[in-house]
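Enquirer: Chain by chain, the residues:
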Amino acid sequence: MKKRDEDNLRAVSELLKRAMPPVNAEPRRDLWPAMERRLNGERPAGAPWYDWALAGAVVAAITIFPQLFLLLAFHL
Amino acid sequence: MELLERFAQGDDDAFETLFWQFQGEVYGWILRIVREPAAAEELTIDTFWRIYRARARFRPSGSFGAWARRIATNAALDHLRQRRYTEELPEELASGDCPDPALERETRDQIRRAFRRLPAKLQSTASLALIEERPYEEIAGALGISAGAARLRVHRAVRILRSHLARLGLKP
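So the protein lines, in turn, are chains A and B.
With my numbering applied, the first sequence has no gaps in its numbers, which climb one by one up to 76 at the end.
With my numbering applied, the second sequence has no gaps in its numbers, which climb one by one up to 1172 at the end.
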């Protein structure tokens, strides 16, 4: 039984190797630039311009209408 | 300070040095599992990305190569799970690794399809053991299982493959 298993294993192994030969290769391109792009994409970026615009609008509104601060504080 | 210690503490230069030292090894290991050069390149980057994010958990007293290989194996397994149900066959491997010309293309494609239908865990173990002839201890280390469990997976893979191939009229 064990011998038959081993024979099957060897036969399948030979067939697979004929269809898909063993591989031993190096990357076809320099992978570092892609790695660097991935790393840079993850590093925290600054706040987008519309966040700053929104913050400015809120500060301006509170300066002009100070009572808005209470409304804002209530929603926060 | 040693390179691995600096890496574990988040030093980007140490990470880059390790990338250059190990990218070939990681790529080669992944290629042996997924057998598609383009996918292996993407998965190599993905592996190093996982390594970068997990660097605080790396113990500098351990082997970076073994740790990287384990992470690479997981990335390759994820890829095999995703591609299992696609019918398209990937590009042929680089020249120099040409299949046996005596084997007809259609037969070869049938064998490759039958192999790709294996569950990811069996496919990866069978690829490493039966095609690449890597030692069971090495395969077991990368998969996080015992050598005995790796052998069992290979026998299961062979049983399933034989039945797939028999249905196609191929008898190894």
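Among these hints, one or two may not hold up.
[Stated by the list, open to error] Listed below are the simulated DSSO-like cross-link pairs for lysine-lysine, each with C-alpha atoms no more than 27 Å apart in a straight line:
#1 A:K3 with B:K1171
#2 B:K1121 with A:K3
#3 B:K1171 with B:K1121
#4 A:K17 with B:K1171
#5 A:K2 with B:K1121
#6 A:K17 with A:K3
#7 B:K1121 with A:K17
#8 B:K1171 with A:K2
#9 A:K2 with A:K17
[Unchecked claim] Non-contacting residues of chain B with respect to chain A, defined by C-beta distances greater than 10 Å in every case (computed):
#10 L1003
#11 E1005
#12 G1010
#13 E1016
#14 Q1021
#15 G1024
#16 A1040
#17 E1041
#18 W1049
#19 R1070
#20 R1083
#21 A1126
#22 Y1136
#23 A1140
#24 G1141
Please keep in mind that the hints were generated in silico from the structure rather than gathered at the bench.
For each residue, glycine too, the CB sits at the ideal point set by N, CA and C.
Enquirer: Next, verify each hint and record whether it holds.
Expert: Results of checking the hints against the structure:
no.	hint	result
1	A:K3 with B:K1171	holds, 18 Å
2	B:K1121 with A:K3	holds, 25 Å
3	B:K1171 with B:K1121	holds, 24 Å
4	A:K17 with B:K1171	holds, 15 Å
5	A:K2 with B:K1121	holds, 23 Å
6	A:K17 with A:K3	holds, 21 Å
7	B:K1121 with A:K17	holds, 19 Å
8	B:K1171 with A:K2	holds, 19 Å
9	A:K2 with A:K17	holds, 22 Å
10	L1003	holds, 17 Å
11	E1005	holds, 20 Å
12	G1010	holds, 12 Å
13	E1016	violated, 8 Å
14	Q1021	holds, 12 Å
15	G1024	violated, 5 Å
16	A1040	violated, 8 Å
17	E1041	violated, 5 Å
18	W1049	violated, 5 Å
19	R1070	holds, 19 Å
20	R1083	holds, 15 Å
21	A1126	violated, 8 Å
22	Y1136	holds, 12 Å
23	A1140	holds, 17 Å
24	G1141	holds, 20 Å
Violated hints for the displayed structure, listed by number in ascending order: 13, 15, 16, 17, 18 and 21.
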